[in-house]
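J.: Could you use the hints to bring the two separately framed chains together as a complex?
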Amino acid sequence: MAKMGAPVVISANCLATGAVLYLGPERRWRADFAGAHVYEDLSTANATASAVDDPSAVVGVELVAVKIRGGSTEPRHYRETIRAQGPGAYVLPTETGDTHVSV
Amino acid sequence: MCFPLKRVIPMYRYNDFDRHFVRERVAQYRDQVERRLSGALTEEEFKPLRLMNGVYLQLHAYMLRVAIPYGTLAAHQMRGLADIAERWDRGYGHFTTRQNIQFNWPKLVDTPDILAALADLDMHAIQTSGNTIRNVTTDHLAGAALDEIADPRPYAEWIRQWSTDHPEFQFLPRKFKIAISGGVTDRAVVRAHDIGLRLVPGMDGVAFDVYVGGGLGRTPVVGTRIFDQLPVSELLAHLEAIVSVYNLHGRRDNKYKARIKILLQAMGLNNFKAAINNYLERNCDAFNGLELAELARIQAGFEIQALPPREGGAYWQRIDADPAFREWVERNVTPHRQEDYASVTISLKAHGQAPGDASAAQMRTMADLAEDVGFSELRVSHQQNIVLPHVALADLPEVFERLRQHGLATANIGLISDLIACPGMDYCALATARSIPIGQAIATRYQPMEQLLGPLSIKISGCINACGHHHVGDIGILGLDKAGMENYQVTLGGRPGLDTALGEKMGPGFSEAELMSALDRLFDRYLTLRQTSSEAFAETVLRLGTEPFKAALYGVEHAA
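So the sequences go chain by chain: Y and G. For the first sequence, the positions run 0 to 102 when numbering that gives the first Met the number 0 is used. For the second sequence, the positions run 0 to 559 when numbering that gives the first Met the number 0 is used.
This is chain G alone, in the form it adopts within the complex (with noise of 0.2 Å):
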């Protein structure tokens, strides 16, 4: 096996000040945990001190929520994470769709013991839940991807350093969320966000289209365009100006109507706009210049150095001759780059598991493997698969048969069992139905007809808070409580794109059972209807509206 030269991974290095803030909490925190313990702080007051570190209370035990900066991870904080399932928790976690990983067994007397643990990997939980700037999101493929405009990530960790801790913005009237695309294709869903960043051409050869105000959940909105090229000395200042408006004029007494989309809603676009310039005007002076020094800083440390040269070599012989190699490349590999180079997706969506699971065991397969052919670097996606960014052509085979070993070769990336699903009533304390069978029942009843299927999105939400991104799924679907029986809603014509879309609610919903035979029928319809076999499910859709799937779901004959 010959593999590439280890290299300094391009990814964010902590530094002293990094590391003793980070300790600092745990301190804080281990502190708060023995007060709690002890009596001396009730539960009233401690909820908000343990959500600040990630630390949930859900339906059968805590969950502890850790930030994965930007979705990148080096391989022995993946290994580091394993080392955490596995000590303190049930062996296996989650990955989510905000790139994050969650533990869902952790107990509370061990919730210091594990920050202490991920300090010790530069890593925390901070922010990962309240009302507060949560992790910044951004393109998995970030680095790779060939149709990069800019790396997004130096921005996305400046971004967060701005962010983390700032003393304004920890008790925002709701939680916030940011993301950043850097590609002429958007993989981050930057329109479903608080406020969207888009890195386009600009006069300092980037800037930043900014979008505000979109969201899923209970009112999902798509976001608006507040700014065009918007330069990158003017980003964090016309950051602070938004939140800041925000959280002067964001509702605080109904959270239903507390996210930015209302209050953007509310003021109307240019109202909105006048009273960030107005902020802009008071405080021209609140950025001085020091911040585009500490992004330089933080841009070295991503610089994106050649790859070393690879022969194709074993990659082409086994291409030809396997067909199930060839088959995982077509799905699961995506083009690099540098043309010897490729991403490799690892679908943690195997047909029958629990979307975005993984064993301890396959989370140091996965790093084994990036140490071993992908220069250490990880990535997890908001489609809750891990992302290995830089693998040589040659090293394929290698790493397909590797991940075969460990049940993590399920060529499926863009099918239907590739689906998003919450962690749904299984575990959450504010599910209104259960994610994960269904997600299950979909990914092996459709299994024999997937490659037939073709490109297909599903994305299941446990209740109307929309963690599984329902709205912008081809196919939505929404678990609620309806009279005391487990109902599911569905949605057709999402995106997530750049031309994000909402999708049309079908009308009632489906018992889980009633659920597969609509599905049944929507896709015979779709495949008598489709112009070629090559038309996606969506672009059917989009070509004839939803009213035939409309019909084919609630089993009414339709003349087309």
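Chain Y with its partners taken away, still in its complex shape (with noise of 0.2 Å):
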């Protein structure tokens, strides 16, 4: 695990799906960054991670960079970011694409 600052958040990927990941106060894994548990201490985050690092059941547990601005917590790193919200809505398909004609 890369070297980092505190805070952080304990993220994965889940195994059978893929789906990202993040680890609750209750050390159990949820989809929503929002209820990720903060660790103020990185000693005791890293040792959280290898607890709950069930090679079973998650892939690729990590350390996640975080901030805290007006009492709620965002990632430090945009990659972080787009991870814990999933590709801009931009990125869907429509069938209602243009039928461009500039003449």
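Honestly, the hints are just simulated from the structure, not real lab data. Bear in mind the structure is a predicted one, so any value in this text is a computation, not a measurement. No residue lacks a Cβ here, since even glycine has one placed at the ideal position from N, Cα and C. Keep in mind that a hint or two might mislead.
Across the chosen pairs, the derived CB separations fall in these ranges [as the list claims (entries may be wrong)]:
1) M3(Y) - E42(G): 20 to 26 Å
2) L543(G) - E39(Y): 54 to 60 Å
3) K66(Y) - V555(G): 34 to 40 Å
4) D146(G) - K66(Y): 56 to 62 Å
T.: Dropping the structure here:
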């Protein structure tokens, strides 16, 4: 795991589905970033990450650096923001694509 | 409506051996997935096994990359891909610059069933990942192009059969890409491949010019011609020699220096050729003629018959009467070797859409059209569009109408909005920035002036690996992470043809907002500097060099 500063949350992907997961306060994996438990202490976070790294359930357990702003928690890096939110709605195809004619 | 007679599709057909082989691989993979889920295999053990079957773990989900050999699909296969998209994914797929399709949301537990469904379609995902020989790509107009020297697809199939599950080449130092072009114009970007093959006139009708050591990515290099007019009978032996020399001498200690282009530079061309000749001498009996019998069998399947003659009829009436149809024909329709036919490029680049994506309904529309008016054949182009290679002129009005109903009639092929973009950070675990919204922003921003701008290629990659081919775009855009912010570097003057040129890096990168302003200035400068309205952006850059355009990008006044 890469070295980073606290605070952090713990994340992984679900082995069976690949879905992004975050570790909640009860040490249960959940899908929403908002429900992730924030660790202010890095050594506790690392120890917890090792303890919950069940290879038959999850893949790629890692710490994600976060910042706390106005009482809400956000990932520090845009990659993790995208990972938490999923791709933008702009990626979804529609069948009402243009029939562009410029003449 | 008068449709042409059905006929045998000129494409490779699986035999019993092929079907057995693919189904056996599905069974093996199903067992591997079960053992992974039960905990009998660790992720470290399982990862190379899933990658050998095209299954990646991306940012949000698993991704399955399905091989579409040399970009050729039968209508029923396209319909089958639509079914997979709906049943096991989120109702769409992404056509790639390697002429494949990717599904972005499959569950691992479903992937054995998806591979079984693919096997039912005579398709698979073998060697779409890993350090192996990947899908051989070729000209999307193969068998239809006016300038064709020979149809490259039988040779691509021959190479596919040689390279698939080749016992020596499953663990190469790095992935290995081959492209083959059969036209006077190179539409397969052969010099940007580890091996590029170009069909040329030769002693026995055709031969191959062979290029080695091209590639984009972190260290972009234009391939070097290593053999001229290599006889067809010697092709596989030489391919085997080239890949074997690479397998033996290529670096395995540093993945960034592991491609054949680095080996070629390290050895020098003469030493590399000497190593190939040495290998050929030591293995002169490796190919004994059986491979030529196999080529003959493959070629029989691709034999091109004359298409049934058709009167132009409705086409000529509509082209005069309907400006929208006329514009679509001018942009998206290419002359065919048979004058009463044409090749139709279906744009997957509607303004504001993710480049290369198609919904299941759109895939079915394209499959239906292929079946009804296109001899059941479709192609995936490396520019991330779909091609109906053989459509009678008389059927073009019908094709246009049906495409229009499904958002597939965008008349923009070759224009700025027909841009290439990799999935970028919206999906890809390797990406350092997003590509799709940048492409969409460019396409919508410049839509009102794209006819004015004329032919212009923009290629966008979300990381240094260059899946968006940014090095060979008129304008290349590379997304990077600069101090925790998305940053976009611009290159100018890239070219993908036989005179391949790598774009020149202009300078410091831009934020997304800065990039749009920089492009505004760049296009203003181009419109000022071009000699005539028909001088394309690439021609103006070639004539004047990149300096005036660099100055425009960075907002520096220029006297030119």
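J.: Given a hinted range of 54 to 60 Å, is it respected by the beta-carbon distance of L543(G) and E39(Y)?
T.: holds (58 Å)
J.: Go ahead and decide if the range 20 to 26 Å is satisfied by the Cβ distance of M3(Y) to E42(G).
T.: At 22 Å between Cβs, range holds.
J.: For the range 56 to 62 Å, tell me whether the beta carbons of D146(G) and K66(Y) fit it or not.
T.: holds (58 Å)
J.: Just tell me: holds or violated, for the beta carbon distance of K66(Y) and V555(G) against 34 to 40 Å?
T.: holds (37 Å)
In summary, the structure agrees with every hint in the numbered list given earlier.
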